[in-house]
Structure formats: structure tokens, C-alpha cells
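Turn these sequences into a full structure, and let the hints steer you where they fit.
Number of protein chains: 4
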Amino acid sequence: MKQTVIRERIRVELKNPILIEGLPGLGMVGRIATKYLIKKLGAKPFALLYSPHFPYYVLVNRKGRVRLLRGVFYYWINPKNDGNDLMFFTGDSQAQTIEGQYEVASKIVDFAKSKGASLIVTLGGFRAEIEDVPKVYAASNNDEWLEKALKASAIKSPSGNPIVGVAGLILGIARFKGVNALCLLGETKGYLPDPRASKSVLESLCKILDLNVDLSGLDAQIRKAEQIIEKMRQIEEKREMYLKKMHKEEKERTSYIS
Amino acid sequence: MKQTVIRERIRVELKNPILIEGLPGLGMVGRIATKYLIKKLGAKPFALLYSPHFPYYVLVNRKGRVRLLRGVFYYWINPKNDGNDLMFFTGDSQAQTIEGQYEVASKIVDFAKSKGASLIVTLGGFRAEIEDVPKVYAASNNDEWLEKALKASAIKSPSGNPIVGVAGLILGIARFKGVNALCLLGETKGYLPDPRASKSVLESLCKILDLNVDLSGLDAQIRKAEQIIEKMRQIEEKREMYLKKMHKEEKERTSYIS
Amino acid sequence: MKQTVIRERIRVELKNPILIEGLPGLGMVGRIATKYLIKKLGAKPFALLYSPHFPYYVLVNRKGRVRLLRGVFYYWINPKNDGNDLMFFTGDSQAQTIEGQYEVASKIVDFAKSKGASLIVTLGGFRAEIEDVPKVYAASNNDEWLEKALKASAIKSPSGNPIVGVAGLILGIARFKGVNALCLLGETKGYLPDPRASKSVLESLCKILDLNVDLSGLDAQIRKAEQIIEKMRQIEEKREMYLKKMHKEEKERTSYIS
Amino acid sequence: MKQTVIRERIRVELKNPILIEGLPGLGMVGRIATKYLIKKLGAKPFALLYSPHFPYYVLVNRKGRVRLLRGVFYYWINPKNDGNDLMFFTGDSQAQTIEGQYEVASKIVDFAKSKGASLIVTLGGFRAEIEDVPKVYAASNNDEWLEKALKASAIKSPSGNPIVGVAGLILGIARFKGVNALCLLGETKGYLPDPRASKSVLESLCKILDLNVDLSGLDAQIRKAEQIIEKMRQIEEKREMYLKKMHKEEKERTSYIS
Chain E
1 MKQTVIRERI
11 RVELKNPILI
21 EGLPGLGMVG
31 RIATKYLIKK
41 LGAKPFALLY
51 SPHFPYYVLV
61 NRKGRVRLLR
71 GVFYYWINPK
81 NDGNDLMFFT
91 GDSQAQTIEG
101 QYEVASKIVD
111 FAKSKGASLI
121 VTLGGFRAEI
131 EDVPKVYAAS
141 NNDEWLEKAL
151 KASAIKSPSG
161 NPIVGVAGLI
171 LGIARFKGVN
181 ALCLLGETKG
191 YLPDPRASKS
201 VLESLCKILD
211 LNVDLSGLDA
221 QIRKAEQIIE
231 KMRQIEEKRE
241 MYLKKMHKEE
251 KERTSYIS
Chain F
1 MKQTVIRERI
11 RVELKNPILI
21 EGLPGLGMVG
31 RIATKYLIKK
41 LGAKPFALLY
51 SPHFPYYVLV
61 NRKGRVRLLR
71 GVFYYWINPK
81 NDGNDLMFFT
91 GDSQAQTIEG
101 QYEVASKIVD
111 FAKSKGASLI
121 VTLGGFRAEI
131 EDVPKVYAAS
141 NNDEWLEKAL
151 KASAIKSPSG
161 NPIVGVAGLI
171 LGIARFKGVN
181 ALCLLGETKG
191 YLPDPRASKS
201 VLESLCKILD
211 LNVDLSGLDA
221 QIRKAEQIIE
231 KMRQIEEKRE
241 MYLKKMHKEE
251 KERTSYIS
Chain G
1 MKQTVIRERI
11 RVELKNPILI
21 EGLPGLGMVG
31 RIATKYLIKK
41 LGAKPFALLY
51 SPHFPYYVLV
61 NRKGRVRLLR
71 GVFYYWINPK
81 NDGNDLMFFT
91 GDSQAQTIEG
101 QYEVASKIVD
111 FAKSKGASLI
121 VTLGGFRAEI
131 EDVPKVYAAS
141 NNDEWLEKAL
151 KASAIKSPSG
161 NPIVGVAGLI
171 LGIARFKGVN
181 ALCLLGETKG
191 YLPDPRASKS
201 VLESLCKILD
211 LNVDLSGLDA
221 QIRKAEQIIE
231 KMRQIEEKRE
241 MYLKKMHKEE
251 KERTSYIS
Chain C
1 MKQTVIRERI
11 RVELKNPILI
21 EGLPGLGMVG
31 RIATKYLIKK
41 LGAKPFALLY
51 SPHFPYYVLV
61 NRKGRVRLLR
71 GVFYYWINPK
81 NDGNDLMFFT
91 GDSQAQTIEG
101 QYEVASKIVD
111 FAKSKGASLI
121 VTLGGFRAEI
131 EDVPKVYAAS
141 NNDEWLEKAL
151 KASAIKSPSG
161 NPIVGVAGLI
171 LGIARFKGVN
181 ALCLLGETKG
191 YLPDPRASKS
201 VLESLCKILD
211 LNVDLSGLDA
221 QIRKAEQIIE
231 KMRQIEEKRE
241 MYLKKMHKEE
251 KERTSYIS
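Residue numbers (this note's numbering), protein chains in the order written: chain E, 1 to 258; chain F, 1 to 258; chain G, 1 to 258; chain C, 1 to 258.
Hints were generated in silico from the structure; no laboratory data involved.
Don't take each hint at face value.
Where chains are identical, the list cannot tell them apart; a pair therefore holds if satisfied intra-copy or between any two copies.
Stated by the list, open to error - Heads up, simulated SDA-like pairs for lysine to any residue below, C-alpha to C-alpha not over 20 Å straight-line:
#1 Lys2 x Thr97
#2 Lys156 x Arg65
#3 Lys177 x Phe46
#4 Lys63 x Val164
#5 Lys63 x Arg175
#6 Lys177 x Tyr57
#7 Lys151 x Asn16
#8 Lys80 x Lys207
#9 Lys2 x Phe111
#10 Lys151 x Val133
#11 Lys107 x Ala220
#12 Lys115 x Leu48
#13 Lys177 x Arg70
#14 Lys113 x Met1
#15 Lys107 x Arg62
#16 Lys107 x Met1
#17 Lys156 x Tyr57
#18 Lys2 x Leu49
Here it is, written out as C-alpha cells:
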């Protein structure tokens, strides 16, 4: 395997499809969102992407079966007559080298184009101190789609902001190849999987694409993530109290010496 | 040399061969096991693998002769009429870059396939705190072979477990190319060559492949490895006692000051 | 995208053109100088350079639009009948790997050659403790152009001096491909954008190429940069005074103990 | 420039030539030795090697002229009728990546082979604590040449010893391509240019190749290197005495407190 390849397992004819991409990244926002949509809509896998730029290990599943790291394309046939069919792309990992990042992003755009995609939407996280509901930032290589995103309560991504990794590169390369692309980034602290940010992103996405998907299924994941954060906060608090106490004792000893 | 090459020195016709791979890795488990089998069965070298992804030095042998780092394929003709012939692959090193890892693993699978291999078995280590006898974990890209391994007292590799390096990648790529592959990993602490883990792996392997090989020859290596570990334990113990003593004296001095 | 590409958006016929290059580097000297000339002369973009060796992120502009990192070629038609037309090259970033640096520099030289360039001038910074006016160092692959630079108050670059990155590699590769090239480096401390060094470089450049450009527009940038440096100096001074005070108090306590 | 290239500037017909290689490396032993021979014999440059795997900077010479990092091949016509002509290869740098090391070494071997070389000798350093005269270690891909080296007072390189970098890889690749190669390594501490080690290496080399070269010209370099080492030793000594004094004073203060 000398370069990134895509293997189409099922030939599907899609109607004016839109590709939604979410690989692992900041707060796993894009991946959680994409996987949720795939599950909720019952989208089916139809193509696999392998790359020598992924990490050099394989994964074992519950049956003891082994597979290479990979990305998977899913498709969903829109029951509405005039609606867009959807493709999804998610996977185990991003490429590990600079050149690999460009190669994988190029392959994804080429594949989407070959399938007649009218739009690629990349999903990801935006590092921020969040307060209540995570905001969603939008950037695009096309003014109309950006406009639609802003109407769907997304905020324009700040000027000069770098969008790192595949979610960004796909936009840049898509412009280069004449494909419309839109990026939605949900605010996240980023150091833990953050389904709350994913939910915000999906709320915007569903409005933009006029999708009717019940997002309440994410609430259980959100509660679980918050419990983990609360537990970590408590541990941190205890540690700090302990350090303060130690410090105080130390000081008393020192002043006693002098 | 721009890419990995295999040089076949002797043309051999093998009968339904199985390839057994063991390169240096965790606890050197795979390499020790593979080299033991090669020696015990009297397998003969027939092909060499060179790669610009191996480390950039050469090795000097006892005669002052120099050679590139490389991998070596060996063959063994099974005296039983209905038995599988065997190929072995071992060598000096794994590839040093991500892309190199994928390239070398691909070349090994391609070569095995071109020789008509019905199965590739990769051997390696599994990091664990071992108690008595090291367990053997199995993973496969084929259910039948996994079943055979489990019957031969191997345990199914835990779900989600990554198998790092060539032992894992070969499995993933073999699946990709339609070749059956099985991975056997022996429990090891991993920081020193661990012939005990290799023996466990070979016990499973011999049962699976119905090979009749005397493994008692590994016992001398095991004893030697244990003596090294015992010596290191003693050094560590002394060091700790010394540190404790120092610490106590320090404390006495400190309390004297205050 | 497997390698560096240049996309010509507008076909221009240039008369005996000279290419002036200034990418980000030490003190941003080359980039500030090149961008100033482009703006002042009203040069127009006509070709874009993309590379998989640039960092793997995209940039968002004020309109929320996204683009790949890139380099941009500009052209300027010299109104004088016998004057050289000019091309400029600047951009977001240098290549991130060794091989990428060579590839990008080669592409720039090839493109300049294909446009009939009689000279390439690369601009950059030269790390030094500057006193009054930053000096300009010159190096070339052609004795005549070096001579012209020295007459224009540049100093010969010290022997053995390495010129790192694209500003240097272009010179080396241009020589290799039979294109004249000249490098002008302005003295800079290098840790902050340094428009003062850029101005020195441009003064030399304008004399060498007999260009009539008003450089006073850089003075506002220079003042701003100096204010930042002054502010940083004050912060540093305060910090040092504070440390001295702490140290003195510490010493008094210690002597009190003894 | 996408890969390593060799540019032949002068076509020379050489009689049964031997290539002697010495690039920068441990103690600069190989480079100092090779450059000395080139100068002493009056060998002339005839081919240049450029590589995108060399560091990405250019060098400025005394005249302010710039050039890419490179390697240079020299030739020397042996005045003896039955003697071997010589080629030399030295340069600015070794390749900076694993794959680059293999590529550059391959190109050198290919070029030597195309010139009809009957032998390649690589020169380098061998890290050791030297006492009197640095010993010379030899390794080869050919028993006859090794034998000749051992007769010329070289010692067989220890078994298992890795020879790192181009001096080693050339031997390995030469064997692969059917060219005889010999490596001579002079003992050196390695942290400073070490002409004494180079002299030892040249003494062996001249005996092996039956060359009559006056090596006394290296003695001035050796004295200079020794003066530098002596000066560094004195600085180190002073620093240690100072530290001891400080430590003593500190202890007195501490005991005074308690």
C-alpha cells in the first residue's frame, strides 16, 4: 500500500448527494455528530478508505477479528422526492503526516465529486471556554451556503482563524476542485469527548439541510460526559485542598526555623 | 534503493505453505519464537527483504563482513505428505516510519501470496503483568483460524486492542488482499527479551498447525533471562534501601535543625 | 494533491521580467518588504502556488470564506519603455519538511524561468544585534548582480554564512538551472516583525533595480513595531526589578537565620 | 528537485578506479582524511551530487557567491602505469532523513559502478577512548580487501558493531549491487574535528592501496586540534575548582546553621 485508496463495495446511484464528514479531532465533536446521524438515519456503509498515512496499528473487534484503520463512507436515500441523498464519512483516525493530511483530504473530495456531490459539510470542534449552549462557527468556500448557515444560527468563523486538519483541508481543496463546502465547528474545551458540542453542530446542520432528525438521543451521552467532568473536577478540588494544606504546614515549619 | 525489495535467491516450490512472521518488537517475543523454530526445524533461507525504511546503519559480523539491515525468508519442507510446508520471516528491525511500516507489511503479504500461502501467522508480545505462565492472545481476519487458535488454549484478544507494528499491519493488509492471517501474542512485561512468552506462543502455534517441535530448548534461554531479571531486582532493591536510609538521615538532620 | 502545483489564472506577457520573492521568515523581513512593494506599485495577482508541504490547516477570511495556505505571484508592468517588468512572490508559509523546501523552491525557479525571468531577487532577514540603521547583506549566484548590490550600499554576506529556507534555496537551485539570482538580507533581531529591516532591504533593492518607490509609507509600521518593543522592554524591566527585590529580601532572611 | 542527482561536468576515462568516500560524520575523520588526499594529490573535481535530502540552506563563499549543499567527486590519474586511478567523494553534509540516507548512498554506489570502480573505500570515525595512537577498524563486503586491511595494521571491526550513516550504507548497498567495498574507521572521541584519527586512517589506506603520500602535512592540524582540547580542559578544570569551592562554603554555612 503506497497511497490512500478508496474501495467501493456497493455501487450506489445517489440523487444530488451531500457528503457530511466527521473524523476524530478536537473534542471528537465531528465524529460523535456524524456517527449519531448515521445511526439515527440508518445510513449504510458502501465504501472504505485505507491509507499508509494512518497510524501503524490494527484494531481487534469483539469477535477477535482484526482490521486496518480506515475511513468509511455511508449512504442514505432521502425518502422525500426532492430531497438530497446523503453520504457520510467517518473513521478511526486522521492522517499522521502533513503530506498524508493533504492526500487523504484530496481523496475524499475527489470521491465526493465522482459521486456528484453538490456540497461537502465538514464537522468539528472549536476550542473555547463555553458557557451555556456551545455556539457553532461556520466557514465556507461558497457564499450561499455560508449565508444559509448563518440563518441557521451559526456564527461566522473569526477572520484569520486556522481550521486545522481534515475538516479544514477538505474545504480548501474542494474550492480548488470546484466543489462547494461548508464547515461547522462546535465550541468545546476539547480535552474530552464533547457530545454537547456535537448536538449544537447537528442542530445547525439539520436546519441548513432541512433534515428532520430527533437529537434527544444525544442527551444521555451528554449527561454521561458531564458526570465524568464533574468527577474529574472533584478529584482536582481535593488535590488542590491537599496541596494548600501541605503548603501551610510547610510555611509554619519554616517560620518556626527562622 | 527507493523502495522495499525482496530478492529471491533460491526458487522453491512449496506445498500449500504457511508463513510465520516474527520481527523484533515487544519483549522480542515474535523474533525469539520464529528464530527458535527456524533452528529447530532446520529451515533454510531463500529470500531477502531490503528497505530504505530500515534504520540507516549496517551491521558487522564476526568475520568483519558488513551487510544492510534486512529481513530473511526461510522455507521448510514438511516431511509429512499431507502437511503444509512452512515459510518463516524474521530480521533485524521494523520500518522506522509510518509509511515504511505499511510498505514493508504490504511487501510481505504480496510475497506470501505469490508463493501460494494459505495462511500467515504473525507472532508478538502483549504487554501485561504476568503471573505464572504467560497467556497467549489470538486475533485473526478469519473465523476458522481464530477458532482453531482458541481451541489451542489461546484467548481471544480483547476488543478494541490495538496491535502495533508489522505483526498487526500484516493481518490488516492480508484481509485487504484476501489472505488468511492469524496473530498470536504472548503476555510479557516487554522491557527485556522474554523467551518465556515466546514458549507460550510456540505451544499454541504447534497445536494449531499440528507441528511436532521440541520446545524444551527454550528453557535454557528462559533461565538465563530470569537470572538477569533477578539480578536487576536485587540492584533495584539495594538502591531503594539506600535511598530509604538517606531519607531517614535527612529527616533526622532536619528535625535537629527545627 | 501529491505535489506542489502552480495555477496560472491570468496569462501575462512580461517584458524581461525580474521576480522578487519574500515569504515569511526571520523578522518577516522579506514578506513585509515584498507586500509593501506589491501594494505601492499596484501589482496584480496572476498565479497561485499550492503545496502538500505547507502546514495542514486552512485560513478563514473576514467574509467567513476559507482557503488553503498558498503562495501568490503578482505582476507589474513597468511604464518605462526600457524597464524590466516585475513579478512578485509572497504567501502564507514556507514548506514544513526538508524535501518540501527543495520542491517549492524548485517550482518557483522553474516558473520564473518559464516566464523568461532574467533575475530572481530573494529578500529576507539576517540575525544580528542592530545599532542604528540595519545593514543589508547581499549574496548572489552571479558576480555582476552582486557588484550592483554592493554599489547600492549592500555588504557582501560573510563567507560560510548559511542562508536558510526558501530565500537561500532559490539562489542555489537557480544557479543549478542557469537563472541569475540575488539575495538581500536585512539585519534584524528576528523575534518580531521588523519593518525597519524591510525598509533597509527595499532601499538597496530600489537602487539596484533603479525603481522609484516612495518608502516613507513603512515609517508608520516601524513606529508601531518600536512601540511594541518599548512596551516589552518596560515589562521586562519591571520583572527584573521585582526579581532583584525578592532576591534581596531572601538574602536578608537567610542572613538572619545564620 | 525531487531526488538526488549527479551532474558530470567533465567526462573522464579512468583506469580501474577506486572511489574513496569521506563525508562529515563522527570527529569529521572521513572528511578531513579525504580532503587531505585530494589536496595532496592534486585531484580535480569532475562531478557534483545534489539532493533534496540535504539540509535546506545554501552556503555563501568568500566572493559572496551562493551554492546549494552538495557532494563533489574528484579524480586523480595515477602516474604509475599499472596503478589504479582514484576517485574521491566528499561534501557538505549527509542526508537528513532515513530514506534520504539510502538514496544518497545508492546514487554514490551506482555512479562508482558506472565509472568501472573495482573498489569503494569509505572513511569515518569509531567512537572510543583513545590512548596513544588511534587504532583503525576495518570492515568489508569482501574477504580479500578485509585481509589486505588487516595486513595494513587495521583491526577487524567488532562483531555486531553498527556502522551508522553513509560510510556504512555504501558498504551494504555495494554488496547488494556487486561492488567491492571496504570501510576504515579511526578511533576518536568524536566531539571535535579529529585530524589525528584521520592520519591513522590514511596510514592504513596508503598501505592498502600502495599509495605514496606524505602525511606529515596533517601534523599542524593535529597540533592545533590538541591546543583547542587543552584549552577546553583548562576551562573545565577551573570550573570544577570553582564549583568545589562554592560547595565547601555552602557546607560551612549549613553546618553553622545547625
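Okay, the hints, checked on the actual structure:
no.: 1; hint: Lys2 x Thr97; verdict: both (14 Å within a copy, 13 Å between copies)
no.: 2; hint: Lys156 x Arg65; verdict: between (44 Å within a copy, 9 Å between copies)
no.: 3; hint: Lys177 x Phe46; verdict: between (24 Å within a copy, 18 Å between copies)
no.: 4; hint: Lys63 x Val164; verdict: between (35 Å within a copy, 19 Å between copies)
no.: 5; hint: Lys63 x Arg175; verdict: between (42 Å within a copy, 15 Å between copies)
no.: 6; hint: Lys177 x Tyr57; verdict: between (32 Å within a copy, 17 Å between copies)
no.: 7; hint: Lys151 x Asn16; verdict: neither (22 Å within a copy, 51 Å between copies)
no.: 8; hint: Lys80 x Lys207; verdict: within (16 Å within a copy, 58 Å between copies)
no.: 9; hint: Lys2 x Phe111; verdict: both (18 Å within a copy, 16 Å between copies)
no.: 10; hint: Lys151 x Val133; verdict: within (17 Å within a copy, 53 Å between copies)
no.: 11; hint: Lys107 x Ala220; verdict: neither (35 Å within a copy, 46 Å between copies)
no.: 12; hint: Lys115 x Leu48; verdict: within (14 Å within a copy, 28 Å between copies)
no.: 13; hint: Lys177 x Arg70; verdict: between (24 Å within a copy, 15 Å between copies)
no.: 14; hint: Lys113 x Met1; verdict: between (24 Å within a copy, 15 Å between copies)
no.: 15; hint: Lys107 x Arg62; verdict: neither (30 Å within a copy, 28 Å between copies)
no.: 16; hint: Lys107 x Met1; verdict: both (15 Å within a copy, 9 Å between copies)
no.: 17; hint: Lys156 x Tyr57; verdict: between (38 Å within a copy, 18 Å between copies)
no.: 18; hint: Lys2 x Leu49; verdict: both (13 Å within a copy, 17 Å between copies)
The structure fails hints 7, 11, 15 (numbered hints given earlier, in ascending order).
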